[in-house]
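Asker: Sequence:
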Amino acid sequence: MYRPGRTISWSAGLLLLLVVVVLVSAALGPVRIDPVTVAMAALNAVVVPTSVSMNTTTITVLGFAIPLLVPAFEYTAVFSFDVAGSHQLIVETIRMPRIALAATVGFSLAAAGTVMQGFFRNPLADPSIIGVSSGAAAGAVAAIAFPAIVPFGSIHLSAFVGALVTAFLVYAIATEGGRTPVATLLLAGVAIQAFLGALISYMLVHSGDDLRQAVVWMMGHLNNTTWSDVGFALPVALLGVGVLGAYVRELNVLLLGEEDAHHLGVDVERTKLLLLALASIVTAAGVAVAGVIGFVGLVVPHIMRLIVGPDHRILLPTSALAGASFLVATDTIARAGPAEVPVGIVTAFVGVPFFLFLLVRREVHSL
1 MYRPGRTISW SAGLLLLLVV VVLVSAALGP VRIDPVTVAM AALNAVVVPT
51 SVSMNTTTIT VLGFAIPLLV PAFEYTAVFS FDVAGSHQLI VETIRMPRIA
101 LAATVGFSLA AAGTVMQGFF RNPLADPSII GVSSGAAAGA VAAIAFPAIV
151 PFGSIHLSAF VGALVTAFLV YAIATEGGRT PVATLLLAGV AIQAFLGALI
201 SYMLVHSGDD LRQAVVWMMG HLNNTTWSDV GFALPVALLG VGVLGAYVRE
251 LNVLLLGEED AHHLGVDVER TKLLLLALAS IVTAAGVAVA GVIGFVGLVV
301 PHIMRLIVGP DHRILLPTSA LAGASFLVAT DTIARAGPAE VPVGIVTAFV
351 GVPFFLFLLV RREVHSL
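Mapping to UniProt numbering: the sequence shown position 86 is 86, numbers consecutive.
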């Protein structure tokens, strides 16, 4: 029997854990700052909009500059704690943007992984199973290696579009007569991933001096993060996961099988399309700004399923919050050593042994 109080208590506990992990992460670095000072500096950065004006900007599409009107807000700080200027600068402009992006990407990937595992009824499914990550990588590498022929002026936007185009291409290939068999969708995803892998290898061979930047992006990274990166991913993540939350009942019913779900009143094909589209958009938002980061969407949902059970009404929010804490913690490890490494390497080092441990213990169950 589902108890809403259990969802609230678990979510509150994991949210508190996320706050603690964020404070500890922001306190660590070449300049050590105590967590209380970090908290005050973070609160000093909280602002509210007080006025708005419209400014003109341009985006480049196919070599043409297209003017756009965008709102420009003026902000006022809510808090004014006494924090040293150097500490305020370090927390607000260097550490917090990176931590916020790590939390956003972990939140996105874990939520999308939860949906994909339920969608495919397979605990080994993850957000990249239908080629979303490969599509994002192809878009990003193309933008890095061949910026003159890519219609988008931003690596983030190119990766985001590449991810979405790949997801819907896989869906179109797998759909016939209004039906999309899950097995066909999986096979189409594998085929498209293989093709994109070859395409990415070709672009890397011809990327010249941009090879290192492209390779680092594909490993998954969060260095040199700015608040604009967070602004790109966070709204999509929150909105996408929020809408996914409205379909947790249908996702639960789909675990029984498509035929049983149909008899229970679920529009199976429409629900599959919506779940696939939303999970792909959420994944694309995370991968576009941080590169390909593996195992967050595979390991975190599986661990949370072992802890809280398979009911997506509690599993989706708890996995998303746990994913945020997990990626913040692993990124802290990635930047803590004498030489910073891409966070995707750390998630693999952490995720692979733990997942093998679950396999040895026979804790990897079918859904």
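The set of hints was computed from the structure by calculation and includes no laboratory data.
Do not take every clue at face value.
Claimed, not checked - FRET-style restraints, in silico, Cβ to Cβ:
1) A84 - A198: 32 to 42 Å
2) L255 - I345: 27 to 37 Å
3) A84 - D209: 38 to 48 Å
4) D34 - G257: 51 to 61 Å
5) I94 - F354: 54 to 64 Å
6) V46 - L255: 25 to 35 Å
7) G309 - L239: 42 to 52 Å
8) P4 - I149: 44 to 54 Å
9) R270 - L187: 40 to 50 Å
10) V78 - R270: 42 to 52 Å
11) G309 - A336: 28 to 38 Å
As the structure is a prediction and not an experimental result, all values here were calculated from the model.
Think of the CB as a built atom: it goes at the ideal place given N, C-alpha and C, for glycine as much as any other residue.
Asker: Compare the structure with each hint and give your call.
Answerer: We went through each hint and held it up to the structure:
At roughly 53 Å, the beta-carbon separation of A84 and A198 lies outside the given 32 to 42 Å, and the hint is violated. Separation of L255 from I345 is about 34 Å and conforms to the stated range, judged on CB atoms against 27 to 37 Å. A84 and D209 have their C-beta atoms about 40 Å apart, which keeps the hinted 38 to 48 Å range intact. For the pair D34 and G257, the beta carbons lie near 54 Å from each other, so the given range of 51 to 61 Å is met.
I94 and F354 have their C-beta atoms about 30 Å apart, which leaves the hinted 54 to 64 Å range violated. A beta carbon spacing of about 41 Å between V46 and L255 contradicts the range 25 to 35 Å that was offered as a hint. About 27 Å separates the C-beta atoms of G309 and L239, a value inconsistent with the hinted range of 42 to 52 Å. About 52 Å separates the C-beta atoms of P4 and I149, a value consistent with the hinted range of 44 to 54 Å.
Distance hint for R270 and L187: a CB-CB separation of about 22 Å, inconsistent with the stated range 40 to 50 Å. Under the hint 42 to 52 Å, the C-beta atoms of V78 and R270, about 43 Å apart, fit the expected range. For the pair G309 and A336, the supplied restraint of 28 to 38 Å holds, since their beta-carbon distance comes to about 34 Å.
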